Amino acid sequence: MIADYTHHYSLRVLSAEEAARGICEWEWLTDDVLRLDVAEHCANDVSYFPFDELVEALVLALSRDCEVGQLCESGLPQVPLVADAAGALAVQTSELREVRAGGQAMPPSGVVPFKGFSNYACPFAFLADRLETAYPIFRSFYCRHLCRLHTISDHPETLLSLCALFEQLVVSTAPRAAQHLQFVLDSSPLRYAFHWIVTGFVGSLPAEEVLQLWDRVLGFDSVALVPILAAAIVALRSKLILAARRPEEVQLVFSDISCVKAIPLLQSFLFAHELGADANWRTEHGSVLSAALAAKKAALVAPILEAKASIGEHDVGALSRLFRGEGPASTDTVEILLQPQGDCNA
Amino acid sequence: MRRENERIVYRTDFDKYVLISNFERLGWTRSTDEDFDIYWASVHNVRGLFNPEVLSKRLRDGQVVNHFPNHYELTRKDLMARNIKRYRRERERQEQAEERFLESLSSFASFAARKKGQSEPNLSMPQVDRVPPEWVPATYSLPNDYAIFVEEFRKSPNSTWIAKPTGKAQGRGIFLVSKLNQLKRWSNAPKEKNQQGQPLPFREPYIISRYISNPLLVGGKKFDMRLYVLVTSYRPLKVFLYRGGFCRFCVEQYSTDVAEIDNIFVHLTNVAIQKQAEDYNEQHGGKWAISDLMLFIESTRGRAASEKLASDMEQIIVHTLKAVQGIIVNDKHCFEMYGFDVLIDKDLRPWLLEVNASPSMTTTTEDDRLLKLRLINDVLNIAIQEKRGQLEGCDDDLILGDFACIFDEKPKVNLGTRSGEDPRSERNERSSSRGPRRSNSFSRTGYWR
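In order, the protein sequences belong to chains A and B.
Positions 1 to 346 (full-length UniProt numbering) are the ones given, in order, by the first sequence.
Positions 1 to 449 (full-length UniProt numbering) are the ones given, in order, by the second sequence.
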């Protein structure tokens, strides 16, 4: 399915030679950052460690790919770092187009790597054993879907709206657990699920489950399935959360989801009504499924698409801090951010 | 064997955490003498246990030991190679005779059918019983087969060979040979000495086999697989395969470069060796789950390829055991958990490197420890149940844990099944309490994922 997808969208793909040459010819400041990231995450992971060299090649190639910045459908994930002709770091501009003459985005893709960035490339190492086969798939999927998982903007289906979707779903499907976390433990479900959402579950779920989930993301053309699954897991473990009395116990509940089967859980979470108690739901309700799915998806995603949360600078800063793992954002700020706005600015 | 409410007594020659903690968790008491119900012995002590001259040490009814008396027919590299070679020759001769018989039978049958105006019948040999193509690389003993080896070596000038001492483990003493003069390392090695310090007339026995120089690489690195196989009886043969096998990776990228021929970190996958490499990682210890390998093969080469590989691996395990089925002393007190070392080449063909009688119970990572704890737990469950079942004639459902029964020669409840069939290929009344078994252990479509 992923292979068909790349043909359909006919992106100009960085050829293998260009990608390989790029890696050898120039050293970018971000190269060491990426290599360190690979060494810390991929090379230590029990499932991905054989592929550490391929993963390193994938992320390095992506960082040198100048077209990524334009290809990302939801815009650049963050404000790019730009160096002027003299090589010094220039004043930050918010749009790549406004780069001064002679300025060079660093790294060339415009995407500044962060801790755990190399996780995005890991599952693709299972799909192909050579860079020239794996890179086009990785690049397309990244630009279309994965970049949204770490993009902070008001574009639809980017990180903020995904987090909002998650919180809404948890509140509506596991309200007692959510309240328990909020008032008794002074925390929130998002604090624990944030890592899952940003990484797309890489490193938390087994490789096969991640690939199956990403397959569905591709099929339904919506990365909203990631927070939906996160909410489903919270709902699955709501009883355990309610039984937790201290933050360490909650941490334990969320720490190991390696036995979760992503697709059955998603199916039962989304289609509980249709499934009912009927053992033959697959055959009898098969035709109903597609219609139901479209309706369900619309129902879930529409409020997020429509609501344009007006996000001020102060709020973005708070979420970015949370995002970079620099200590807890104040609960109030996070609440304000994640409540859907009453008035929709069209 | 004592019943469940009586205290079971165990004896062990290994003070390994994964063993002791299982015994203690089960509430068993430890003994150091002949009073035991179950004995996890070292191969050295087992030799004394089955020594016919020492009558006092004979096993009583109900005592269970974790080795067969002459397991070395399978676990010594030279004997294993010899037994499998003999077995293949016998089976091939048998198959040829059967084919000739079938041919003459079918030509007669079609002649008769044509005479009667009927359609021609289709007679062919069932594929399931065929012996697989060669799965042990050509092996010669040194010094006995030296001349034959030299002849073979000269026939294939660009080949590489690997020399291993018959009696050592953990990769000690292994080296690669691409030119005959490299064998001087073995022939000029200082001679072994006996207990009095006098040199023995022979050099240490070695075997030399054809080196598989095109292994399947993942991430550019060579690996081999450790599979755990439990045998509770040889006649009838009953074999269990553990789902949690793992791949052992080399730290360095693989290279057929002649300059790297002596680099053990490139060629030898033994954990004891790779542990000493500079880049050895203690988080994963170079151990990769076989289920991940199967996912990789399915993703890169298709489901058919991964299914075939899983099936081929089972085939070579079962046929290896069948090769020694006739010569192993089928003592009813015995079961054995083997460590099969299998290498896969680029064409997804599995090769058996060796069979270990005492697979290592040392653990290098947390996942490894969990895996081996569960392994021993399942082995003990199955062994005790099987031995009780054999003694008392009961046939209850087995608690298999992560094992799958891949071969069972015992005739079942009379369904008219042929004995020797894979129990899962027939609709079987004796389905496990966990539901119907559908496919083999490593198959990703099967129940055992």
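Treat the hints with caution; some may be incorrect.
[Claimed, not checked] Computed from the model, here is a short list of chain A residues facing chain B with C-beta under 8 Å:
no.	residue
1	TRP28
2	SER47
3	PHE49
4	PRO113
5	PHE126
6	LEU127
7	ASP129
8	LEU131
9	PRO247
10	ASP256
No wet-lab data here; the hints were simulated from the structure.
Note that the structure is a prediction, hence the values are computed from the model and not measured.
Glycine included, C-beta positions come from ideal geometry on N, C-alpha and C.
Hints, verified against the model:
1. TRP28: violated (24 Å)
2. SER47: holds (5 Å)
3. PHE49: holds (5 Å)
4. PRO113: violated (22 Å)
5. PHE126: holds (5 Å)
6. LEU127: holds (5 Å)
7. ASP129: Holds, about 6 Å.
8. LEU131: Violated: closest Cβ of chain B sits about 11 Å from LEU131/A, beyond 8 Å.
9. PRO247: violated (24 Å)
10. ASP256: Given a least distance of 12 Å, the restraint on ASP256/A is violated.
When held up to the earlier numbered hints, the structure conflicts with 1, 4, 8, 9 and 10 and fits the remainder.
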